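**Q** Sequence order for the protein chains is A and B.
With the numbering used here applied, the first sequence closes on residue 452, and no number is skipped along the way.
With the numbering used here applied, the second sequence closes on residue 452, and no number is skipped along the way.
Because the hints were derived from the structure by calculation, they are not lab data.
Everything numeric in this text was worked out from a predicted model, so none of it was measured.
Errors might be hidden in some of the hints.
Far from chain B by the CB rule (all over 12 Å, computed), these chain A residues [to be verified]:
{"#": "1", "residue": "Glu68"}
{"#": "2", "residue": "Asp142"}
{"#": "3", "residue": "Leu191"}
{"#": "4", "residue": "Glu209"}
{"#": "5", "residue": "Arg373"}
{"#": "6", "residue": "Asp385"}
{"#": "7", "residue": "Gly412"}
Straight-line distance between alpha carbons at most 30 Å, and here's what the computed DSS-like set of lysine-lysine pairs gives [to be verified]:
{"#": "8", "chain 1": "B", "residue 1": "Lys419", "chain 2": "A", "residue 2": "Lys419"}
{"#": "9", "chain 1": "A", "residue 1": "Lys251", "chain 2": "B", "residue 2": "Lys302"}
{"#": "10", "chain 1": "A", "residue 1": "Lys302", "chain 2": "B", "residue 2": "Lys419"}
{"#": "11", "chain 1": "A", "residue 1": "Lys419", "chain 2": "B", "residue 2": "Lys302"}
{"#": "12", "chain 1": "B", "residue 1": "Lys251", "chain 2": "B", "residue 2": "Lys328"}
Note that beta-carbon positions come from the ideal geometry of N, C-alpha and C, so glycine has one too.
Residue-level listing of the chains:
Protein chains: 2
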Amino acid sequence: MSVLRGRKIYSVLAFALVVWLAPAAAQENKSAGAGQHVNPQRLRETLEKLSEFGRKPDGGVTRLGFSEADMAAREYAMGLMRAAGLTVRVDAAGNIFGHREGTEKLPVLLFGSHIDSVLHGGNFDGDVGSMGAIEVIRALNDNHVTTRHPLEVIIWTNEEGNHFGLGTFGSSAASGKFGPEVLARRGDDGLTLADWLRRYGQDPARFAEARIVPGALAGYLELHIEQGGVLDEAHIPIGVVQGIVGIKHWKCAATGFANHAGTTPMNRRQDALAAAARAALAVRDEVRAEPGRQVGTVGYMKIEPGAVNVIPGRVEFPVELRDLDPAKIERIWNRVEKRFAAIGREENVDIHCALDDSDDPASSDPEIQALIRKAAEEAGLATMDLPSGAGQDAQEVAKVAPMGMIFVPSRGGISHSPKEFSTWEDVANGAEVLYRAVLMLDQASARERPAQ
Amino acid sequence: MSVLRGRKIYSVLAFALVVWLAPAAAQENKSAGAGQHVNPQRLRETLEKLSEFGRKPDGGVTRLGFSEADMAAREYAMGLMRAAGLTVRVDAAGNIFGHREGTEKLPVLLFGSHIDSVLHGGNFDGDVGSMGAIEVIRALNDNHVTTRHPLEVIIWTNEEGNHFGLGTFGSSAASGKFGPEVLARRGDDGLTLADWLRRYGQDPARFAEARIVPGALAGYLELHIEQGGVLDEAHIPIGVVQGIVGIKHWKCAATGFANHAGTTPMNRRQDALAAAARAALAVRDEVRAEPGRQVGTVGYMKIEPGAVNVIPGRVEFPVELRDLDPAKIERIWNRVEKRFAAIGREENVDIHCALDDSDDPASSDPEIQALIRKAAEEAGLATMDLPSGAGQDAQEVAKVAPMGMIFVPSRGGISHSPKEFSTWEDVANGAEVLYRAVLMLDQASARERPAQ
Numbered sequence: 001m002s003v004l005r006g007r008k009i010y011s012v013l014a015f016a017l018v019v020w021l022a023p024a025a026a027q028e029n030k031s032a033g034a035g036q037h038v039n040p041q042r043l044r045e046t047l048e049k050l051s052e053f054g055r056k057p058d059g060g061v062t063r064l065g066f067s068e069a070d071m072a073a074r075e076y077a078m079g080l081m082r083a084a085g086l087t088v089r090v091d092a093a094g095n096i097f098g099h100r101e102g103t104e105k106l107p108v109l110l111f112g113s114h115i116d117s118v119l120h121g122g123n124f125d126g127d128v129g130s131m132g133a134i135e136v137i138r139a140l141n142d143n144h145v146t147t148r149h150p151l152e153v154i155i156w157t158n159e160e161g162n163h164f165g166l167g168t169f170g171s172s173a174a175s176g177k178f179g180p181e182v183l184a185r186r187g188d189d190g191l192t193l194a195d196w197l198r199r200y201g202q203d204p205a206r207f208a209e210a211r212i213v214p215g216a217l218a219g220y221l222e223l224h225i226e227q228g229g230v231l232d233e234a235h236i237p238i239g240v241v242q243g244i245v246g247i248k249h250w251k252c253a254a255t256g257f258a259n260h261a262g263t264t265p266m267n268r269r270q271d272a273l274a275a276a277a278r279a280a281l282a283v284r285d286e287v288r289a290e291p292g293r294q295v296g297t298v299g300y301m302k303i304e305p306g307a308v309n310v311i312p313g314r315v316e317f318p319v320e321l322r323d324l325d326p327a328k329i330e331r332i333w334n335r336v337e338k339r340f341a342a343i344g345r346e347e348n349v350d351i352h353c354a355l356d357d358s359d360d361p362a363s364s365d366p367e368i369q370a371l372i373r374k375a376a377e378e379a380g381l382a383t384m385d386l387p388s389g390a391g392q393d394a395q396e397v398a399k400v401a402p403m404g405m406i407f408v409p410s411r412g413g414i415s416h417s418p419k420e421f422s423t424w425e426d427v428a429n430g431a432e433v434l435y436r437a438v439l440m441l442d443q444a445s446a447r448e449r450p451a452q
Numbered sequence: 001m002s003v004l005r006g007r008k009i010y011s012v013l014a015f016a017l018v019v020w021l022a023p024a025a026a027q028e029n030k031s032a033g034a035g036q037h038v039n040p041q042r043l044r045e046t047l048e049k050l051s052e053f054g055r056k057p058d059g060g061v062t063r064l065g066f067s068e069a070d071m072a073a074r075e076y077a078m079g080l081m082r083a084a085g086l087t088v089r090v091d092a093a094g095n096i097f098g099h100r101e102g103t104e105k106l107p108v109l110l111f112g113s114h115i116d117s118v119l120h121g122g123n124f125d126g127d128v129g130s131m132g133a134i135e136v137i138r139a140l141n142d143n144h145v146t147t148r149h150p151l152e153v154i155i156w157t158n159e160e161g162n163h164f165g166l167g168t169f170g171s172s173a174a175s176g177k178f179g180p181e182v183l184a185r186r187g188d189d190g191l192t193l194a195d196w197l198r199r200y201g202q203d204p205a206r207f208a209e210a211r212i213v214p215g216a217l218a219g220y221l222e223l224h225i226e227q228g229g230v231l232d233e234a235h236i237p238i239g240v241v242q243g244i245v246g247i248k249h250w251k252c253a254a255t256g257f258a259n260h261a262g263t264t265p266m267n268r269r270q271d272a273l274a275a276a277a278r279a280a281l282a283v284r285d286e287v288r289a290e291p292g293r294q295v296g297t298v299g300y301m302k303i304e305p306g307a308v309n310v311i312p313g314r315v316e317f318p319v320e321l322r323d324l325d326p327a328k329i330e331r332i333w334n335r336v337e338k339r340f341a342a343i344g345r346e347e348n349v350d351i352h353c354a355l356d357d358s359d360d361p362a363s364s365d366p367e368i369q370a371l372i373r374k375a376a377e378e379a380g381l382a383t384m385d386l387p388s389g390a391g392q393d394a395q396e397v398a399k400v401a402p403m404g405m406i407f408v409p410s411r412g413g414i415s416h417s418p419k420e421f422s423t424w425e426d427v428a429n430g431a432e433v434l435y436r437a438v439l440m441l442d443q444a445s446a447r448e449r450p451a452q
């Protein structure tokens, strides 16, 4: 598909042909009918078994990347891959690839997700796309379907960024985001990233080998829960992801003066918490000040000294802004900065922010979006186009391959919580669309890209 | 002086006489002239030596009550008392009394302060009044002054409330504030209060014996730094404390719903931090809404889950209000509660508060206030009447004896900080006024209260 990008007119024509031909092509290769190809019960059982790794009494999981629970879950996943006939390989960043041969010498079609969770996380984020990918392979096997491209199921390492604050770690290693200096980064447990990779059985010296060369993949697909409430509210079973929002994240500090809460008159205070409170509300005001789906959040405040009877002298707080349009993020931030400066003057508190992290928006490949829409339609499932407000491994893969994502509804829009839930029907629908999209992309890509 | 309370007309007349006669009476007993009786250099050396216990690299101290540094400082103070000829006794709450005989069989005149500090505290809070009291004894010795009342220097245990969150611990034991159940209270290090008293060499079974029976003391005086900036700003060397403000302290919790900061639209959030930020600002608004010296503070927020990419689901925060007038505290709190309810409705966040702690205001004895004013005047020092915004051991002693406090300026109003500072001249002035006030009270009380 990456060739498409250079030769637009050709490719759009070719693509239209493919979308029209693909279902027929897939039909040739499989024994099942036009109904459901994946096995919902088998997929559910696999997901329920996966949920045992790191399970908490509240029914959720804590399966942090690089933890013992994660290691055990990875073993489980590799076992499933092997049982499905895949050849398992773990790259230098710990990413797990399960390989299935194609009938032609073509670049790999990659699809999968992650199985690590946040602290006190749920049983669907990442899991659905990972187990769904393995289910697609099993369904292909059941139906004796071969593909032109080799297929690979991927389970990315440490998507949630545990220990090192490096979200989408495995896919970022694959996209070449990191230099070798990242290996010396020390996590919150005192171990370096290199130490952790060794625990994963990897040789840190070969870390750069995890990089996927742009163009080496025919395409990337990821099934994932929405993590927001848009699909659930609209009663739409399948989301076609337009792209993954850009995220900018600033670290801010309000510095006033800590003093005795009983003896310091109200008009002589330099209350860092009052200033930070006004700052947090200003962020919200400015995000709300224009229409659109942009979001802005102040997720915590670290308050010093933090005693009931001492006026806070210093407050650290982050500001996070997300949108598909980087210009909108910039515009909002400029307004926020002006507000912070005014608050600082009025409160006699210094407010200073520094950009801490920045992820550019990543667009889904328009042809893959169309193909997912078509796949859902053929499966009798309504779709809605929407952005991913959450960061995704797919945003990294988008740097090296045409990418598309399939969302299924999250009940109540809840995620990163033990209450995270998608119905088994929603999960099976997502896997079915992934199954069909893989086969369509197999046909589409084969027509676009000559054998190598 | 406590008898005075019942017989007002008599006593005011008698008191006027005393104030007029007292300087002359004091003169009869001492060899020094009308100038300075205390020895500023000796007082400074004692304070500087005390500052070595728990000293930190920034020049401040961490000498938490019940800590090793505190234990060592107590030994030092007891040594100073003995060297000044005092008979040392430690009561069942760990309070240190240094006794000096009087010439008549009269109730004790008590004066002193505390020597424990807050975490990262300074070298003046408590220390000035404790070492100042010992200096008064030494000056009386130097000048061969005897008193009618026995004098006792007091160093109260754990005024800052380390380990157990029980501020003015020793003086509260003396005022009978605690029942025996307090002994089972477990501190932040896992030890009970009874365990700590044993470390102090006390028998917890005798804890109730620390109680001072109302009327048993002729009076109580405490020299202390202001901890606020009023005297410093007005360039007034001596503050006559009108009373110690009442403190009410509520624990509040804002409960919203923690959700993904990227996928949850702005209009579907139940952001507990946004609600708490508005609540903190509402507290300030309502405190400022009427004239006066009242203060209100939100000293911290505990935010869960507290991640950059998660909308805060729950925020715990305290609200503290202080004023000499309890009705004003009540009035402000009623307005704050209404504001919280409105914020909760608007933010779809539950805000709930519960009264956590309450200290009634404590008035200084009006006659002792007049006597301190007179003592300062005779020493050629200007005075200002002002409340203590900080809690004090004196507020507990006020429950069992007529009480008065002498404040000296805190530079810049800074306290509970390594930067806490009072000039050595201010410190000596305070000790001199204490010296004179002790002698005046000795005469005043002797006239008011027959020998027992």
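**Q** For each hint, tell me whether it holds in the structure or not.
**A** Now the hints, each set against the structure:
no.: 1; hint: Glu68; verdict: 22 Å, holds
no.: 2; hint: Asp142; verdict: 34 Å, holds
no.: 3; hint: Leu191; verdict: 21 Å, holds
no.: 4; hint: Glu209; verdict: 30 Å, holds
no.: 5; hint: Arg373; verdict: 21 Å, holds
no.: 6; hint: Asp385; verdict: 15 Å, holds
no.: 7; hint: Gly412; verdict: 9 Å, violated
no.: 8; hint: B:Lys419 x A:Lys419; verdict: 49 Å, violated
no.: 9; hint: A:Lys251 x B:Lys302; verdict: 18 Å, holds
no.: 10; hint: A:Lys302 x B:Lys419; verdict: 23 Å, holds
no.: 11; hint: A:Lys419 x B:Lys302; verdict: 23 Å, holds
no.: 12; hint: B:Lys251 x B:Lys328; verdict: 19 Å, holds
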